[in-house]
Amino acid sequence: MTTTVEPLTPRTRRGAELLLLLLAIAIVMLAWVTTDLNRNGTVPANIIPVAGGFTVLALGVHLVLRWKAAYADPVLLPITTVLNGLGLVMIHRLDLAGGKLGADGDAYRQIIWTTLAVALAVAVLFVLRDHRLLRRYTFVTMAIGFVLLLLPLVPGVGRTINGSQIWISIGPMNFQPGEFAKIALAVFFAGYLVQTRDVLSLAGKKVLGFTFPRGRDLGPILVAWVLALLVLVFQKDLGSALLFFGLFVAMLYVATERVSWIAIGLLLFAAAVAFALSAFTHFQKRVDLWLDPFSQDNLERSNQLANGLWGMASGGLTGTGLGAGRPYLTSFAESDFIFPSLGEELGLFGAVAIIVLYLLFCERGIRTALGVRDGFGKLLAIGLSFSVAFQLFIVIGGVTRVIPLTGLTTPFMSLGGSSLLANWVIMALLLRISDQARRPMPEMPVGVAADEPAPAELTQVVKLP
Amino acid sequence: MNTPIRRLSVLIACLFTALLVASTIVQFAQAKSLGAMSTNKRTLLDSYSRERGSIIVGGQAVAKSVPVEDQYRFLRSYPQGELYAQLTGFYSYSVGAPYGLEHASDDLLSGDADTLFVRRMTDLITGRKTSGATVELTIDPKAQAAADKALGDSKGAVVALDPKTGAILAMVSHPTYDPNPLSSHDLSKAAKAWQSLSTDKGKAYLNRAISGVYPPGSTFKVVTAAAALEDGIATDENSTVPGPAELNLPLTSTNLPNENGQACGPGDETTLIHALEISCNTAFGSLGLELGGEKLRAQAAKFGFGDSLQVPMRVATSSVPADLNAPQAAQAAIGQYDVRTTPLQMAMVAAGIANGGRVMTPYLIQSVRSANLDIIESTPDPVELSQAVSEQTARTLTKMMVSVVQNGSGARAQIDGVEVAGKTGTAQHDPDKPPHAWFISFAPATDPKVAVAVVVEDGGVTGSEVGGGRVAAPIAREVMEAVLSR
Chain P
1 MTTTVEPLTP
11 RTRRGAELLL
21 LLLAIAIVML
31 AWVTTDLNRN
41 GTVPANIIPV
51 AGGFTVLALG
61 VHLVLRWKAA
71 YADPVLLPIT
81 TVLNGLGLVM
91 IHRLDLAGGK
101 LGADGDAYRQ
111 IIWTTLAVAL
121 AVAVLFVLRD
131 HRLLRRYTFV
141 TMAIGFVLLL
151 LPLVPGVGRT
161 INGSQIWISI
171 GPMNFQPGEF
181 AKIALAVFFA
191 GYLVQTRDVL
201 SLAGKKVLGF
211 TFPRGRDLGP
221 ILVAWVLALL
231 VLVFQKDLGS
241 ALLFFGLFVA
251 MLYVATERVS
261 WIAIGLLLFA
271 AAVAFALSAF
281 THFQKRVDLW
291 LDPFSQDNLE
301 RSNQLANGLW
311 GMASGGLTGT
321 GLGAGRPYLT
331 SFAESDFIFP
341 SLGEELGLFG
351 AVAIIVLYLL
361 FCERGIRTAL
371 GVRDGFGKLL
381 AIGLSFSVAF
391 QLFIVIGGVT
401 RVIPLTGLTT
411 PFMSLGGSSL
421 LANWVIMALL
431 LRISDQARRP
441 MPEMPVGVAA
451 DEPAPAELTQ
461 VVKLP
Chain F
1001 MNTPIRRLSV
1011 LIACLFTALL
1021 VASTIVQFAQ
1031 AKSLGAMSTN
1041 KRTLLDSYSR
1051 ERGSIIVGGQ
1061 AVAKSVPVED
1071 QYRFLRSYPQ
1081 GELYAQLTGF
1091 YSYSVGAPYG
1101 LEHASDDLLS
1111 GDADTLFVRR
1121 MTDLITGRKT
1131 SGATVELTID
1141 PKAQAAADKA
1151 LGDSKGAVVA
1161 LDPKTGAILA
1171 MVSHPTYDPN
1181 PLSSHDLSKA
1191 AKAWQSLSTD
1201 KGKAYLNRAI
1211 SGVYPPGSTF
1221 KVVTAAAALE
1231 DGIATDENST
1241 VPGPAELNLP
1251 LTSTNLPNEN
1261 GQACGPGDET
1271 TLIHALEISC
1281 NTAFGSLGLE
1291 LGGEKLRAQA
1301 AKFGFGDSLQ
1311 VPMRVATSSV
1321 PADLNAPQAA
1331 QAAIGQYDVR
1341 TTPLQMAMVA
1351 AGIANGGRVM
1361 TPYLIQSVRS
1371 ANLDIIESTP
1381 DPVELSQAVS
1391 EQTARTLTKM
1401 MVSVVQNGSG
1411 ARAQIDGVEV
1421 AGKTGTAQHD
1431 PDKPPHAWFI
1441 SFAPATDPKV
1451 AVAVVVEDGG
1461 VTGSEVGGGR
1471 VAAPIAREVM
1481 EAVLSR
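Chains as they are written, first to last, in the numbering used here: chain P, 1 to 465; chain F, 1001 to 1486.
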């Protein structure tokens, strides 16, 4: 019996992406029209410019991909488009309920932010020809990450909104720099760990079947821990602290393949949480609210969580229909609670669909991490994917009572510019890495044309002994 | 690095699974209990903005939702408010629907009942607004009006049943109230109405027909007679029973006298039929002694005492106390000593005898229709609650009760050309107040179409058996006439 091995011809799959993208745009536009039909009984007057603009943005990214990253993953962009679009629809729907029309509406601002976010993502695709270029800036990104993370604590710049000091003001704009710190730190962790992974994974003593690291190798995790503690204590932001520290431990584990790092990380975080719980009433209240959101005392303190749960419950399996529910009864229905808002109007079916879309997004990221050939790319791709998954778990887990509620944005959906910009950049980075992962192995170069500068990857292959 | 990436992706899958499970718990498993929380504003707004089903009596709505131009969208209105208040209850923004069908059939009227599931699904698919189901009652509007008019300003209750089916033909309780101000969208007006209703001294909010429990007095002698006949102590209406002026009770120095202080017949003896005609206390007291508490209790239970019924409103449980000693059994046999009954229960006693001993389960809802009048459920064939007595016993009891109306204390219930069977009752409940006047009856005796129980609170005359016959019997007659003339 003989088998012929067909040479695998890699396909760009850009055609599939286009089809999915058109489907995504159709879903969003249908949702937008349904909302207005349910609310006002009319098709929105601005449907042509909105639909046109949205289509141009999405197809614009698609064309850039055809040109600049032909082998990029075909599923990431359609998922991002539909999530961003459904978020927009919900924000628009809440505008209608609140009587905020036209340029006064949150949706108007969110559309502008979406446009900027798409532009930024395209810029990343243009400027960053190869993700490995980022490795050069390992320590620059570290500095940027730390500064961004701690910026809200600087007097005169930082602002406290809703009890958490995670905002900065630049002129009239409020910004959550933590969203960008997430990316910078993922780049830094990837760059740093790919260099030090051998030391971190090999040296150490074996205790109880686990190989524990040497004392001096504990430095980096302790630095990350202290940083997370600073965020926790001074910014009162359990969500961000959990996200950064979780991201670091996850990437450390992937780099070293050592379970002991996870054990150490969990212990350190448990200590931090125990400390926070004993030291700050702020956290105690959150835990209390989580355990019993419906008690009379807790309802008087904050009925937000209860209201979100009631909203989801009123949606049931099939939802009230867009525009026909009462998500506006919940405070922050357009940001932290956008998931319950969508759950109320789209039902459990819609909520599950949204979670599965995020799951697919992360799955494509993981696939990219598995497929890409360089260690830095692997770490960066898994780090970014994990950060999206973990952030989603923290925020949706918070509103569905899996864990205590801590304020984080829902990627691509929540109202807010910083979150949108940062998450579109994450998507652009994943697209760039996936383009490398799916691109066919370059043929061994016979010679490099003199008039063409050698692409980075070819040069490296030649240099290897 | 691919191995730890794969392991990490398992963790990510677990995180997502947790979110999926949590969403399913909130939106599916706990959806009902979350929606039922009293603090949930969505549920409240929801129920007010939905078109609630009507309650129909004889083709006319006695409760309906009228579209209005305000945030609640529908105003609940009760066109014949006071006449049907205790049946409909009311539906208020501030206190919900605590009483009547608005409470007991809330899931049907609101459209949330499980039986309406298929309908809600088609509503969802076709985009039709879900509206509540219309509930059609068994009430005969003429009988209801007659009962209301005959009871007049007296406190008390009237229940009329169809003995063959158990259908409730009339249910009136006085005093009554107007439900309309309570469901007003002018919240201060509604709050004021609720304040005055909930503190009402006459307890107008109480549906005395099913929630009022009274000592049944002499009407309970019918049950005692039934027990005696079933037990064989008495073989027929002409059996001799003791009838002294005063019955010696064992274990106690108090004796059981007749109200008029005279013996019920020559030689301190009388027949069973005569004892019922004149409502002879000592005759039934001695039957009670002979039977004992348990047999009385068992006979009462066969008529429905001790059952908790829902019509669909919850009916207070009527009861004969357990473990009666001899003097207590004698007292219970004449409807005193903590025997407690609702007017509906006594109507069931009359109806059971009328229907050859078969007590039918009472019900108020004839059919449930969707908003466009398709029948969703109609009450199935009448359900027999129990065979309380044999047909033979039922015939004997009927003869005796006919005689009560023709020759005895129930003369005022006579109807020209119709044989009426009945029994009066005058029940002491408070030494300082006049006794309650009772009357239970059915007609025509040979082919019963209606059974009635009437109680008029404090309507009797102290120390006299005439209260039931004078005050309550005419009310029962009016109701029976109204049913028979249709």
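A couple of the hints might just be wrong.
Cross-link-like lysine-lysine pairs, in silico, BS3-like; alpha carbons within 30 Å at most [said to hold, decoys possible]:
hint : chain 1 : residue 1 : chain 2 : residue 2
1    : F       : K1399     : P       : K285
2    : F       : K1433     : F       : K1399
3    : F       : K1041     : F       : K1064
4    : F       : K1295     : F       : K1399
5    : F       : K1142     : F       : K1164
6    : P       : K100      : F       : K1041
7    : P       : K285      : F       : K1032
Keep in mind the hints are simulated off the structure, nothing from the lab.
The structure presented is a predicted model; accordingly, all values stated were derived computationally and were not measured.
Hints, one by one, checked against the model:
1. F:K1399 / P:K285: Answer violated: K1399 (chain F) to K285 (chain P) is near 76 Å, above 30 Å.
2. F:K1433 / F:K1399: violated, 34 Å
3. F:K1041 / F:K1064: Satisfied, since the Cα-Cα distance of roughly 23 Å is no more than 30 Å.
4. F:K1295 / F:K1399: Holds - the C-alpha atoms of K1399 (chain F) and K1295 (chain F) are around 23 Å apart, at most 30 Å.
5. F:K1142 / F:K1164: Status holds; Cα separation ~19 Å.
6. P:K100 / F:K1041: holds, 23 Å
7. P:K285 / F:K1032: Distance ~27 Å between K285 (chain P) and K1032 (chain F) Cα, so the pair holds.
Violated hints, in rising order: 1 and 2; the structure is consistent with all others.
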